[in-house]
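With these hints in hand, go ahead and build the complete structure from the sequences.
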Amino acid sequence: MSKGRYGEYGGQYISETLMNELLYLEEQYNHYMNDPEFIEELNTLLKEYAGRPSLLYYAKRMTEDLGGAKIYLKREDLNHTGAHKINNVLGQVLLAKKMGKTRVIAETGAGQHGVATATAAALLDMDCEVFMGEVDTKRQALNVYRMELLGAKVHSVKSGTKTLKDAVNDAFRDWIANVHDTNYVIGSTMGPHPFPMMVRDFQAVISAEARQQFLDIEGRLPTAVLACVGGGSNAMGAFYNFIDDEEVRLIGCEAGGKGVDTPYNAAALTNGKIGIFHGMKSIFNQGDYGQIAEVYSVSAGLDYPGVGPEHAYLRDTGRAEYVPINDEDAVEAFEYLSRMEGIIPAIESAHAVAHAMKIAPTMNKDDIIMICLSGRGDKDVRSIAEYRGVELNE
Amino acid sequence: MSKIANAFKNGKAFIGFFTAGDPNIEKTVEFALAMEEAGCDLIEIGIPFSDPMAEGVVIQDANVRALNQNTTTDDVFDAVKAIREKTDIPIVFLTYINPVFFYGYEEFFKKCSEVGVDGIISPDLPYEEKGEIADIARKNDVDVISLIAPTSKERIQMIAGDATGFIYVVSSLGVTGMRSEIKTDLNSILEDIRDVTDLPLAVGFGINTPQQASEIAKIADGVIVGSAIVKIIEEHGENATEPIKEYVSAMKKAANQ
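These protein sequence lines are chains A and B, in that order.
The numbering of the first sequence is the numbering used here, which starts it at 2 and goes up by one.
The numbering of the second sequence is the numbering used here, which starts it at -9 and goes up by one.
Derived by calculation from the structure, the hints in this document are not laboratory data.
Wrong hints could be hidden among the right ones.
Using C-beta positions, here's what the derived DEER-type ranges look like [claimed, not checked]:
#	chain 1	residue 1	chain 2	residue 2	range
1	A	Lys159	B	Gly94	29 to 35 Å
2	A	Pro362	B	Ser103	58 to 64 Å
3	B	Pro233	A	Leu124	50 to 56 Å
4	B	Ala(-5)	A	Asn21	28 to 34 Å
Which chain A residues stay away from chain B? Per the calculated CB distances, all over 12 Å, these [stated by the list, open to error]:
#	residue
5	Lys4
6	Gln29
7	His32
8	Pro37
9	Pro54
10	Lys154
11	Thr162
12	Lys166
13	Arg221
14	Met364
15	Arg389
Keeping only pairs whose Cα atoms sit at most 25 Å apart, straight-line, the calculated SDA-like set for lysine to any residue is [to be verified]:
#	chain 1	residue 1	chain 2	residue 2
16	A	Lys4	B	Ile172
17	B	Lys173	A	Asn179
18	A	Lys159	B	Ile222
19	A	Lys4	B	Met148
20	A	Lys154	B	Leu163
21	B	Lys143	A	Gly161
22	A	Lys4	B	Phe92
23	A	Lys98	B	Lys143
24	B	Lys173	A	Asn21
25	A	Lys274	B	Gly121
26	A	Lys163	A	Leu151
27	B	Lys143	A	Leu24
28	A	Lys139	B	Asp51
29	A	Lys274	B	Tyr95
30	B	Lys120	A	Glu27
31	A	Lys159	B	Arg55
32	B	Lys100	A	Glu9
33	A	Lys274	B	Val54
34	A	Lys274	B	Leu57
35	B	Lys221	A	Gly161
36	B	Lys101	A	Asp289
37	B	Lys120	A	Lys98
Idealized CB from N, CA, C, for every residue including glycine.
And the structure:
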């Protein structure tokens, strides 16, 4: 059995053409993660360019309004480019540069990972091409232009369901053809090993900071950590350094779409089955005969028919819990946080906010909830207005 | 002895691929028989998949057409069964691993053995993951065909050393599809593989013209052609039988000139 296993999940189910490159990537990753100079360079970028550490903000009005657990927001939305995606991208693009690559490619759903990759590529002087489903280029037109401004080329992917999974397919197809000079900067804790491990490690800065911030501010760890889960990178980052703290509940919030009992959702851990896809054994939404299902979410970033292998493992072992959050609840949370705290969250992150709104009132006042506010919501304003039937004039 | 060896007994082998269920499953049987009649030595049948990551646009579209016909894995087994009533030509499946995993490895390979599938090629099951199916496939006398790519280099030793049936040598980087030129130094890759194994070596990815077939056949034991045949099916649909025959016959001839 291959490396990169989380229980039975993970692995390297990928074309032979890419195998040597994956082995080389892992070797280089291990080398540079033990190189103090690389770590120093990355930490400087995270601090001076991305704006880390991110704030751990006490949401006082929200806490008082919900009348239960104390709520903190881990403000990944305040990072440069407006989401947690930059944490991973700076690591991977810097690694690609060190490896002597001249070009990076990325998939993107909502556009946040594409924007982050285009940003890091501009900063580190690399060519950048981003694959984005045609449907998503329309939902997130502003991000397409943003990537182009940053010097990236955006490919509108017209195959399959024309969303995130198809963008991943086309990114892999490009990588197979250009493996000599190109690194594929995967945006989530998914794909073949070493990607789920690398992305987790680069995102683990979220929980490393948060853990210390809670000890400094509250003198104790939170009762529960909440994060939205598509592929699962912000959630893995938010969970990782709390995994050994068994008293901390880890709760992932999946895209329940129009309901998990309808065909219109992207809740892999609720509705999916074990399978092998996109280089990994994990849990996927799939139909009869193992065809990967068309999934749906109001959020382009959670619109993925699977979940990273480590989340599947954390669920099986019972260490983390996963709940589906419907579109309507997420949109209400989007509006609620905007009004209550003056913070417009990404619609993805709003899924975690929605779950906090459900459980906080049932918890004690000395309980603490941390919500990983993975991104800012400016990109979603238009689609939420549309969801609410509000017409915006140009 | 694997039945696949028979495919390499009639001069240089021509291996033809198409996706089952395109344009419909009845035609799958007809196309396979037509290919055999035209001199094809081994038929590679694709089980349609929603996300064929290693395929170029031509075969991607064939997968879409087949799935739009609701072609299922069981339909493909039935088609092979029907083909088997008429011929004992070696048949291998080209399938992504998820449909096999979903079907259940035991059940899938038992069924392969029952209907007469001689091998399986899975583009997303590299050497490191072969253990998923190796024992079950062997038990059912189904060869797991190994792929070797231009990037395989020192991996050739371990892959070729463990291979059965034939070795699928990937001609170029990238996905499947017709290429006007193949730039890889195939000769040295084929030599490296021959140092390790006596198995027949068939080259695929990008080959579509008789001239290419003839060039490749000078150094390999067989040529594999997929996208060019699928393109004929795309253009002629239900009427593709005759054009396929003509094409296969010309390619087989070119490979043996």
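Each hint tested on the structure:
1. Between Lys159/A and Gly94/B the CB atoms are about 34 Å apart, so this pair conforms to the stated range of 29 to 35 Å.
2. About 59 Å separates the C-beta atoms of Pro362/A and Ser103/B, a value consistent with the hinted range of 58 to 64 Å.
3. For Pro233/B paired with Leu124/A, a C-beta distance near 53 Å keeps the hint of 50 to 56 Å intact.
4. Between Ala(-5)/B and Asn21/A the beta carbons are some 29 Å apart, a value that agrees with the proposed interval 28 to 34 Å.
5. At the 12 Å boundary, the C-beta of Lys4/A falls inside the reach of chain B, the nearest C-beta of that chain being 8 Å off.
6. Interface exclusion of Gln29/A from chain B stands, the closest Cβ pair being 16 Å apart, more than 12 Å.
7. Every beta carbon of chain B lies more than 12 Å from that of His32/A, the smallest distance being close to 19 Å; the non-interface claim holds.
8. Against the 12 Å criterion, Pro37/A stays outside the reach of chain B, whose nearest CB is about 31 Å from its own CB.
9. A cut-off of 12 Å between C-beta atoms confirms that Pro54/A is not in contact with chain B; the least separation is 38 Å.
10. Every CB of chain B lies more than 12 Å from the CB of Lys154/A, the least distance being 18 Å, so the non-interface label holds.
11. A cut-off of 12 Å between C-beta atoms contradicts the statement that Thr162/A is not in contact with chain B; the least separation is 9 Å.
12. The beta carbon of Lys166/A is not kept farther than 12 Å from every beta carbon of chain B, the shortest such distance being approximately 7 Å.
13. Here Arg221/A stays apart from chain B, with its beta-carbon at least about 44 Å from theirs, past the 12 Å limit.
14. Its beta-carbon lying about 40 Å from the closest one in chain B, Met364/A satisfies the requirement of being farther than 12 Å from that chain.
15. Against chain B, the non-interface label of Arg389/A holds: every CB pair exceeds 12 Å, the least being about 33 Å.
16. For the hint linking Lys4/A to Ile172/B, the alpha-carbon distance of about 33 Å lies beyond 25 Å, and the restraint is violated.
17. Only pairs whose Cα atoms come within 25 Å are accepted, and Lys173/B paired with Asn179/A is accepted, the gap being roughly 14 Å.
18. Using a Cα cut-off of 25 Å, the hinted pair Lys159/A and Ile222/B holds, with the two alpha carbons roughly 22 Å apart.
19. Restraint check: the Cα-Cα separation between Lys4/A and Met148/B comes to about 17 Å, which is no more than 25 Å; the hinted pair holds.
20. Taking the CA atoms of Lys154/A and Leu163/B, the gap is near 22 Å; set against the 25 Å cutoff, the hint holds.
21. Of the supplied pair hints, the one linking Lys143/B and Gly161/A is violated, its CA atoms being roughly 33 Å apart against a limit of 25 Å.
22. Proposed proximity of Lys4/A and Phe92/B is supported: the alpha carbons are some 22 Å apart, at most 25 Å.
23. Of the pairs offered as hints, the one joining Lys98/A and Lys143/B holds, with about 24 Å between alpha carbons and a cut-off of 25 Å not exceeded.
24. Using a Cα cut-off of 25 Å, the hinted pair Lys173/B and Asn21/A holds, with the two alpha carbons roughly 20 Å apart.
25. Among the hinted pairs, Lys274/A with Gly121/B is consistent with the structure: their alpha-carbon atoms are about 21 Å apart, no more than 25 Å.
26. A hinted pair counts as satisfied when its Cα atoms are at most 25 Å apart, and Lys163/A with Leu151/A qualifies at roughly 23 Å.
27. Straight-line distance between C-alpha atoms of Lys143/B and Leu24/A comes to about 13 Å, which keeps the hinted pair within the 25 Å bound.
28. Taking the CA atoms of Lys139/A and Asp51/B, the gap is near 23 Å; set against the 25 Å cutoff, the hint holds.
29. Taking the CA atoms of Lys274/A and Tyr95/B, the gap is near 16 Å; set against the 25 Å cutoff, the hint holds.
30. Proposed proximity of Lys120/B and Glu27/A is supported: the alpha carbons are some 20 Å apart, at most 25 Å.
31. Straight-line distance between C-alpha atoms of Lys159/A and Arg55/B comes to about 15 Å, which keeps the hinted pair within the 25 Å bound.
32. Between Lys100/B and Glu9/A, the direct Cα distance comes to roughly 24 Å. Compliance with the 25 Å bound is thereby established for this hinted pair.
33. Annotation: proposed proximity of Lys274/A to Val54/B holds, straight-line Cα distance about 23 Å (limit 25 Å).
34. As the CA atoms of Lys274/A and Leu57/B are separated by approximately 20 Å, the hinted pair is consistent with the 25 Å bound.
35. Taking the CA atoms of Lys221/B and Gly161/A, the gap is about 19 Å. The hint holds against a cut of 25 Å.
36. For the hint linking Lys101/B to Asp289/A, the alpha-carbon distance of about 17 Å falls within 25 Å, and the restraint holds.
37. Taking the CA atoms of Lys120/B and Lys98/A, the gap is about 33 Å. The hint is violated against a cut of 25 Å.
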